[in-house]
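Participant: Below are the chains, spelled out letter by letter.
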Amino acid sequence: MNADALADLFRRVLENPDVSADSDFFVSGGDSLLATRVLSGIARDCGVELGFDDFLSAPTPGALAEKIASRA
Amino acid sequence: MSVVVVGAGLAGLTAARDLLARDIEVTVLEARDRVGGRTYGLEVAPGVWADAGAAYLGHRHTELTALLAELDLKTTPTAMAGDSRFELGGDVGTRAGRFPPLSAVALGELFDALTDLCAKVRVDAPWLTPDAADLDRRTAAGWAAEHLRHPDARRFFPLFLGEMMAADPAAVSVLHMAFYLRSGGGLRYLNAFAGGAQEDRIDGGAHQVCERLAARLDVRLGEPVRAIHQDGDGVIVVSASGQVRAGTVVVAVPPALAGAIDFRPGLPTPRARTATAPGCAVKVHLIYPRPLWREYGLSGWTVNATGPLLSTVDDSPPDGGAGVLTGFVTGSEAHRFAALPAAERRERVLAQAARLFPELPAPAQVHVTDWIGEEYSRGCYAALFGPGDWGLLGPGLIAPHGRVHWAGTETSTEFFGLMEGAIRSGHRAATAIAETQEEQ
Ligand SMILES: Cc1cc2nc3c(=O)[nH]c(=O)nc-3n(C[C@H](O)[C@H](O)[C@H](O)COP(=O)(O)OP(=O)(O)OC[C@H]3O[C@@H](n4cnc5c(N)ncnc54)[C@H](O)[C@@H]3O)c2cc1C
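These protein sequences, in sequence, are chains A and B.
In this text, residue positions in the first sequence follow the numbering used here: the first is -2, and each later residue adds one.
In this text, residue positions in the second sequence follow the numbering used here: the first is 327, and each later residue adds one.
Among the clues, some could well be false.
To be verified - If you want the footprint, here are the derived chain A segments under chain B, 3+ residues with CB under 8 Å: (1) 24 to 33; (2) 42 to 51.
Said to hold, decoys possible - Pairwise CB distance ranges, derived in the manner of DEER restraints: (3) B:PRO687 to A:ASP21: 50 to 60 Å; (4) A:ASP15 to B:ALA680: 24 to 34 Å; (5) B:LYS400 to A:LEU53: 50 to 60 Å; (6) B:ARG590 to A:ASN13: 46 to 56 Å; (7) B:PRO644 to A:LEU53: 24 to 34 Å; (8) B:ALA407 to A:ALA66: 32 to 42 Å.
Claimed, not checked - Residues of chain B placed beyond 12 Å of chain A at every Cβ, according to the derived structure: (9) LEU368; (10) ASP438; (11) ALA467; (12) ALA496; (13) THR632; (14) ALA688.
It is worth saying that the hints were derived from the structure and are not from the lab.
What you are looking at is a predicted structure, and each value in this text was computed from that prediction instead of being measured.
In this text, a Cβ means the ideal position worked out from N, Cα and C, and glycines have one as well.
Based on the provided sequences and hints, a complete structural model is requested.
Facilitator: Structure follows, in structure tokens:
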């Protein structure tokens, strides 16, 4: 999953159109409950199962895309 | 013509306040020897009050917020800084933040499925939701068995529903679950402390709202209402000490209790059925000399599959003058716990506190407030609509029965089950009565 697709996923879950590749999920209105919905979306899209702590350490679409690439 | 309000909880007292403000004569009849209903204060140390009933509010609870300003009551933020403890099968673990040590993907699938359900429901009239009949027939437990595959999602779901709505998943319909979550502002808002429905508490206790409202009103305690008879000229309300005549009545009591009143003429639709379950919540307060857990970097927040306390929250007063940890026992665990003798309840709570917080001394006091057994509440946080209830009860929930108007949090499709819903229902009933009186 690339940064664009992840930004789309962020927008959908956050119901917030103002998300770019370097937007921090937790600053853009995200919390732990919504974070799990990003992680289930990633698992559905590309089969990579990340944990909550992975997301905390890579909270932007860009950083998350790199993390997924390193796991896939 | 004067108005009689039945029930001195938030809904009834709000309605009475509004009517009085429009110069309509109003009397409130309350069954208990106190006002407040499902709000109730416990003085756990001199001048320190714990909420044995409702406690939390958030910024979307605008009518409650307005009432607090009017009554000169302040709020205090719910403290949630530090590490959490979890006992979810296996040993007690410590983690930063509130996130439980479960598969995040599994929980995400649970929340995705619940979000989809909530989006479907027509919150202003749940029985008109597309597929209403099907969603109304099935229980939340059946829904979970069908939709949740991951064991972590299955383990977490009953804890989540217990926390959100004090419901055993077997007791509520899928429609009611979806309606309740949506009515309260959605999953995320209902679940959140900061920025959500648990953001603040009322400084000094939520019971003060009703006490301050009642101080300006004619409220008669110890007057359970048994019968409400209408005739051509008005209404006769029969309570413990006799009868009162009124032009209009507001019934502001939980649905099962409203249904137990003898109405003549009878009601066209029932207020509650046997499928309508009482919410099942027991609140336990553990009292320490000060919030000792904070000294170990802990927030006091715990989530536990091994009861009796399924979650705990730091509800200490803002000055830290006492340590108040509130434990929630909800759902089927609440029924098991409530059935135990008092000494055994205490023993189990103390054993759990020692497991969760081995570094702390035993709490100096343990208070158990069992709402399931309360004759004049019949469960908390609110009535739980079981299979078939919305279809049968929904259409008659709000429409007045002649001169009888309905209030109570269960008659509000906005913030149903919460203090905010109760207050909104009171405003709605009072406005409707004032409008009919102006027409006459
Ligand atoms: C443990 C617990 C935790 C909760 N937590 C929260 C929370 O954090 N935030 C939140 O917003 N809400 C919470 N709630 C829910 C909240 O308390 C209720 O939604 C709200 O107080 C309901 O107000 P009400 O006026 O509709 O009903 P009630 O408060 O139940 O008032 C009804 C009144 O009618 C009286 N009565 C009953 N039958 C009769 C009769 N026949 N004749 C005369 N009087 C009668 C009762 O004694 C009572 O005083 C919680 C509830 C509980 C119990």
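Participant: Going back to the hint list, which numbers does this structure go against?
Facilitator: 3, 4, 5 and 10
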